[in-house]
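Protein chains in written order, with my numbering: chain S, 6 to 201; chain U, 0 to 581.
Certain hints may be false.
Stated by the list, open to error - Far from chain S by the CB rule (all over 12 Å, computed), these chain U residues:
#1 Leu184
#2 Thr346
#3 Lys366
#4 Lys503
#5 Met554
As the list claims (entries may be wrong) - For lysine to aspartate or glutamate, the following DMTMM-like pairs were computed, each having C-alpha atoms within a straight-line distance of at most 20 Å:
#6 S/Lys67 - U/Asp306
#7 U/Lys326 - S/Glu63
#8 U/Lys202 - S/Glu73
#9 U/Lys310 - U/Glu340
#10 S/Lys67 - U/Asp320
#11 U/Lys329 - S/Glu63
#12 U/Lys310 - S/Asp39
#13 U/Lys202 - S/Glu63
#14 U/Lys191 - S/Glu178
#15 U/Lys326 - S/Glu178
#16 U/Lys159 - S/Glu139
#17 S/Lys74 - U/Asp320
#18 S/Lys80 - U/Asp320
#19 U/Lys192 - S/Glu63
#20 U/Lys159 - S/Glu178
#21 S/Lys67 - U/Asp298
As the list claims (entries may be wrong) - Sample of chain S residues lacking proximity to chain U, with all beta carbon distances greater than 12 Å (derived):
#22 Thr17
#23 Glu18
#24 Leu41
#25 Ser44
#26 Leu79
#27 Arg125
#28 Tyr150
#29 Arg157
#30 Glu178
Derived by calculation from the structure, the hints in this document are not laboratory data. These figures come from a predicted structure and were not determined experimentally. Yeah, the Cβ is synthetic: ideal placement off N, Cα and C, and Gly gets one too.
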Amino acid sequence: MQKQEFTITVYTENQIGLLNRIAIIFSRRKINIDSLNTSPSEIDSVHRFTIVINETEEVVRKVCRQIEKQVEVLKVYYNTNDEIIWQELALYKVPTDIIAEEVKVERLLSQHGAKAVVIRKDYTVFEVSGQREETDNFIKVLEPYGLIEFVRSARIAIIKNSEGFHKKLSEFEYKEPGEEAIENEFLNQNEEVFSM
Amino acid sequence: METLELVKEKIEARKNTTISGGQAVLEAFLYERVDTVFGYPGGAIMPIYDALYDYNDKLTHILVRHEQGAIHAAQGYARVSGRTGVVFATSGPGATNLVTGLADAMIDSTPLVCITGQVFAHLLGTDAFQETDVINITTPVTKWNYQVTDATEIPAVLAKAFYIAGSGRPGPVLIDITKNAQLQLFNYEGYKKCEHIRSYRPKPIVRKTYVEQAAELINKAERPFVIFGQGVILGKAEKEFATFIEKAGIPSAWTIMGMSAISTDHPLGVGMLGMHGNYGPNVLTNECDVLIAVGMRFDDRVTGRLDKYAKQAKVIHLDIDPSEIDKNVKTTVPVWGDCKETLPMLTALVEQKTHTAWLNKFNEYKKKEEEKCINAELNPVTDELTMGEVINLLNELTKGDAVIVTDVGQHQMVACRYAKYNQSKSNITSGGLGTMGFALPTAIGAKYGAPERTVVAIAGDGGIQMTIQELGTIMQFKTDVKIIILNNQFLGMVRQWQQLFHEKRYSFVNITSPDFVQVAKGYYIDGQKVSERAQLKAALQTMLDHKGSYLLEVMVGKENNVFPMVPQGRGVSEIVLSKDEI
């Protein structure tokens with residue numbers, strides 16, 4: 006099996022220490038986390054982790070089961086890049102004088118979908134949101150003009166065929182939940198394994 | 000012990016009174032029917048110990064000599080009783096001393112609730128005296144952990160702790176309570192047992208289709224083989240399991256952790272799996288057509304080389320923990336769920352059968368194993384005593400009724416190979432973690448978990464020295480534990496490997512020992528040392544008849560090896576019966 010980029014979406018309770026509990030599942034197997042984002046979800050009390058790793062599907066599946074086993078984790082999904090809509094946000098700080106003299110800022114902005122967040126006498130901060138390629142490209146554009154600082158956020162992703170978590174959560178609230186809450190998509194997807 | 004109704008009543012009476020955080024911990028224990036706590040006091044847990052002073056008549060506290068002893072004792076208590084073991088330790092070194100036991104309980108799925116004291120909340124993160132980040136240190140080795148900084152949280156958090164520790168696949172839980180929370184007075188609103196956490200699914204719903212598929216495979220099988228682990232014991236499904244294998248007539252082998260779930264004399268019980276398991280079960284794993292794994296996790300000591308493991312077989316895996324499915328061995332049909340529920344479903348669907356020819360094959364291998372290994376171990380022709388004959392005599396004298404707690408190493412493998420058990424929860428050993436020093440403290444706890452049973456700790460001369468201080472606990476509480484030290488004057492298992500795989504370069508395995516009988520005597524524990532075969536049986540009888548604890552040191556052959564053996568890196572069918580075959 007080939008390694009590829011997987012985006013893991015984890016719905017959790019909001020609890021101190023849970024980040025560590027999830028992170029060590031990767032570090033224990035010596036898997037590098039390419040990007041990790043924590044955020045609120047569509048539900049008030051439920052947190053959403055978005056984790057990107059580069060691994061084989063088999064490893065990803067095992068890791069996801071280990072994560073789902075944690076007491077405060079509600080549900081884990083993993084997806085390939087074509088199953089999700091994903092974005093990252095990057096900020097770039099450049100010296101204003103050089104930029105103002107040498108570049109047509111308007112063109113720069115429109116060509117790269119960038120936005121000037123702050124323009125000060127001494128520096129300007131641009132923002133680009135998009136996929137890795139787009140934010141990387143803009144670095145190359147700015148580098149000749151003296152890129153002072155660069156930072157990129159973790160990936161955030163929406164799962165294309167997800168119906169959100171509301172329905173699932175209401176199942177979880179019951180002591181005796183139905184099939185919906187119990188289903189294990191890893192097992193179900195694994196069709197050839199169960200053919201007899 | 001007070002009835003649950005009475006406890007509930009008393010707790011009800013305390014409702015809306017002001018109590019301290021420390022008291023709230025103990026109230027929770029009473030409600031959870033805890034009768035014994037293993038612990039060691041210290042600065043940061045003093046308020047709980049202060050509260051304990053008034054609960055002396057309701058809770059037995061066993062003061063150990065080291066916190067590792069406390070947690071192992073709690074493991075012993077839990078493993079023989081099927082209930083949750085409870086531990087107290089203070090912050091810093093007290094808590095870090097628990098780590099080995101937590102790791103052991105985690106990998107062997109033992110339900111524990113450990114309470115550690117912590118520095119005042121306002122001191123957290125300041126490198127205060129005896130402050131350690133216990134939560135982060137213990138995260139990988141606990142099923143759940145939580146830090147309490149406010150006393151009002153205590154009842155709900157402890158309810159959660161007991162629920163999580165004991166439900167589903169059990170495991171250790173650690174609750175770290177800051178000193179201010181222990182001292183804090185608050186309005187007690189009573190204790191409510193936790194029965195549901197929305198993000199936690201202890202038992203997956205059983206899917207009937209998988210049970211049906213599994214039954215179909217079993218019914219079509221010509222050479223079905225059951226391998227079972229501790230899941231059968233943890234699920235309290237011994238009866239359901241026996242009914243299943245008896246109806247389907249399937250030969251069944253146990254892992255070291257599953258041992259004693261069925262009687263070792265069961266006609267379908269074909270022995271132990273794994274590196275030092277029996278010959279037949281290992282070889283025939285690679286000849287069966289359907290492999291049915293029940294409550295076991297395909298540990299590498301069981302499977303040997305994975306790419307040579309049961310490749311010809313269809314695999315049915317019954318487990319309560321979905322993350323175990325496909326983890327090591329690819330499953331054909333996963334029957335995930337509590338085996339207490341899935342086994343009867345399966346039994347109902349399987350046909351009544353006997354697989355006589357197939358079962359005979361196990362017996363053939365057994366004969367070969369007897370000729371090449373077992374006879375020499377149990378009836379040696381040399382003057383040197385063997386570990387096996389000690390176990391064999393012990394079987395004879397205890398009639399398989401004793402709880403045997405082993406340490407880790409050669410004696411552990413020999414004990415597990417030859418011990419006889421006729422009831423469940425009798426073989427207590429450190430399976431997954433292989434913790435030397437496990438036997439003595441665990442046996443102490445086991446005695447409190449099953450006071451009516453004979454508890455025998457069997458340790459080597461190495462392991463016993465790792466936790467020998469717990470003789471002090473035995474002395475103080477007059478715990479009736481029988482201790483057998485099988486002394487080969489070596490760290491035997493490492494020596495065996497050095498002999499077989501490192502050209503006999505015996506690197507630091509020649510451990511020396513004190514006069515164990517004199518050491519025991521120093522703790523007012525009787526004992527004797529035996530090195531002659533003629534004295535062995537009488538010495539064992541003396542030990543068993545002795546009122547109270549007793550230490551028996553048996554000098555055994557220095558360079559005896561444990562065989563059969565699946566050498567590391569080889570497949571289970573490449574098991575060897577002697578060192579000449581390696």
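* Nearest-CB test (12 Å) between chain U and S/Leu41 -> 17 Å, holds
* Asked: Are the Cα atoms of U/Lys192 and S/Glu63 separated by 20 Å or less?
  -> 39 Å, violated
* When you check the alpha-carbon spacing of U/Lys326 and S/Glu178, does it fall within 20 Å? -> The given pair, whose Cα atoms are some 29 Å apart, is violated under the 20 Å limit.
* Asked: Does U/Asp320 lie within 20 Å of S/Lys67 when you go C-alpha to C-alpha?
  -> 12 Å, holds
* With 12 Å as the threshold, tell me whether S/Tyr150 passes as away from chain U on beta-carbon distances. => 43 Å, holds
* Has the given pair, S/Lys67 with U/Asp306, been kept, meaning a C-alpha gap of at most 20 Å? -> 18 Å, holds
* Under the criterion that the straight-line Cα-Cα distance not exceed 20 Å, is the pair U/Lys159, S/Glu139 satisfied? -> 47 Å, violated
* Is it true that the CA of U/Lys159 sits at most 20 Å from the CA of S/Glu178? -> Given pair U/Lys159, S/Glu178 holds - Cα atoms ~16 Å apart, limit 20 Å.
* Asked: For the pair supplied as a hint, U/Lys202 and S/Glu63, is the alpha-carbon distance within the 20 Å limit?
  -> The given pair, whose Cα atoms are some 24 Å apart, is violated under the 20 Å limit.
* Report holds if the minimum CB distance from S/Thr17 to chain U is greater than 12 Å, and violated otherwise. => 7 Å, violated
* Is the nearest CB of chain S more than 12 Å from the CB of U/Met554? -> It holds; U/Met554 is separated from chain S by about 42 Å at its closest Cβ, greater than 12 Å.
* Holds or violated: U/Lys310 to U/Glu340, with C-alpha atoms at most 20 Å apart -> 28 Å, violated
The structure does not agree with the numbered hints 9, 12, 13, 15, 16, 19, 22, 23, 26 and 30 stated previously, though it agrees with the rest.
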